[in-house]
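Asks: Sequence:
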Amino acid sequence: MLDIVEKESEIKGLSLNIAKTESMTISKKPQAPSCKIRRRNVALKQKAHQSSRYKPRGFSQAFQAGNAVDGGTFAVSKEVFRSTCTHTDPNEDLGWWTVEFSPPVDITRFILYNRDDSCCRHRLKNFRLTVQPAYEHNTSTPYKYTDTNKWISLGGHTVVPSPRIHIPAREVRIDVAENAAENRNNTILSLCEVEIFGEIHCPPGQFGLACERQCNCIDGENCFVHSGGCPFGCAPGYAGEDCWDCEAGRYGDDCLQICNATCGGDSSCDRNSGACSQGCHTGYRGKYCESECPLGTYGQDCAGRCSITCGGITNACDRVNGTCLESCDPGFGGKQCDLELSNMTFGHHCVKQCSDCNGDNNRTYHFDGVCTNGCEDGYWGGMCDSKCPTGQYGANCLQFCSRNCRGSDNACDRFNGTCTNGCEDGYQGDKCGHKCSNETYGPLCENECSENCEGYNNRSVCDPVGGACINGCKDGYWGGMCDSECFVFTWGKDCRESCSNGCVHSTCHHQTGECAPCFSGYTGSKCDIGGPYLNESVEGVDSATPAITVAAAVGLCVPMVVAVVLVYRYRPVEDVRETEEEDTDVTLRNMQIKRQRLERLVASQSLTL
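Quick note on my numbering: the sequence shown kicks off at 14 and runs consecutively.
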């Protein structure tokens, strides 16, 4: 009885507890299948060597070193024994056998199968097993095991206690006992199978028997070395248990190429070639569904044939549904021109085809070709053979294009009335039937009204065509689009208010009329409370010398005259409605106020003008 010690393995944050087998009995029956050991036989089909090979006469290929890793565990006859077991040359020194691992492996346990015939089972007694580390610079002592099982001569197999190997292994070697040289017959090493369980020691990001495959885990995480499965899911573009399949609609080594959109089903394709795996969408064919159906065919795999009654020389039809692209041959109707309709033709021998009449099957015909139920959209006339003239559209061309369509002819689509050249300024919509909202104007209503326009609910309102403010301007602004502030000396609604006589500089805020500083005797935010005190100095005015005051007075006169001219020339649009007499009165009154201010200023300095 040999105990097998429990082994734990860590894979990217997951602790996998390998099942614990309490004991195994050496016998002739196969023991401990690898599925119960929960590791794989990493020695299977690997490169093996032996010190020498016994070559019986007539069996030159017998007893190869690779027989011990071919998967066959027992030899039931000498013939089978030669092809499934190893055997070193009896004339050579102590026999040995090795198996190499590339890439390295992490080993958890060994099982050695002795020969199963009646001869020479004792030769494996006291065998030695050595594990060489994968990297020469590693200073760890190689794992060594010497068998002490006194029942080895019974045959069957030997389970080596699970090693505590903490380094990847590159080679396992088995030697006969050291004292075998005392008996020449005991120098022979014969093995029927060597099973070494563990995992390939792949570099980060790789997996597979030879670490030949790349992990495709999300965020570059490592995958399970035996399956490629990802603990936290596949990287974008990948799918499947091993994250090796491409998502539907992708293919290529990195799943970066997009399957042809005309692939059938979910548009998936072969991961390697990109060939459509579920056929093509209707109307396409080819390995990659890259070809449209040739002229005269349609449908799934282009198996459908266009109706021979489709009009035109080629009988062309829609490659998807088979609808005839041109009108039907005389006497036939329907989307695929497969309905015999005698009333679709007229004239002698019914060789003339009716036009775009309205009615069942979109057409109803009379014996002389006159459409009894009127015309289809876009046509007019008794035989519905005339297109709508410019400016009209719809059934029988009875509807007129919107007068808001851009252009002198108000052109629109003859079928649905959509304006051909877009809308005039101030209108929007397919048929230009909607005015701009109160807050927008101009082409396609893309311009916003001036924020200085009066409106409602804090929204500006302006003319939808030119943007002029319909309800006038907010306090402090003037002009058609209210984009100009009041000139100096004025403020308020439409700039009709004059700054207070109490304002020293005769200017004030264009919206509120507030000013500072005030002449002496005036108070309030607008300097409009009180009156002048000519014998007192003006707050904020330097009265040190009469000359300075006179200069200040002259300086006030110049802008005053300029302001009068500007006010008259650039007055707001609304002021145009006032009479010339009213404008003159306002100007003279303002000049009189300014002169009074100047006289008070001069008088306060005891000067004469």
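It cannot be assumed that every hint is accurate.
[Unchecked claim] Restricting the straight-line Cα-Cα distance to at most 25 Å, the calculated cross-link-like pairs of lysine-lysine (DSS-like) are:
hint : residue 1 : residue 2
1    : Lys157    : Lys68
2    : Lys58     : Lys68
3    : Lys400    : Lys444
4    : Lys506    : Lys448
5    : Lys58     : Lys157
What the hints contain is simulated information worked out from the structure, not anything from laboratory work. Note that the structure is a prediction, hence the values are computed from the model and not measured.
Asks: Indicate, hint by hint, whether the structure satisfies it.
Replies: Here is how each hint holds up against the structure:
Taking the CA atoms of lysine 157 and lysine 68, the gap is about 30 Å. The hint is violated against a cut of 25 Å. Between the alpha carbons of lysine 58 and lysine 68 the distance comes to roughly 22 Å, so the proposed pair stays at or under 25 Å and holds. The suggested pairing of lysine 400 with lysine 444 holds, with an alpha-carbon distance near 19 Å, which does not exceed 25 Å. Between lysine 506 and lysine 448, the direct Cα distance comes to roughly 29 Å. Violation of the 25 Å bound is thereby established for this hinted pair.
Using a Cα cut-off of 25 Å, the hinted pair lysine 58 and lysine 157 holds, with the two alpha carbons roughly 23 Å apart.
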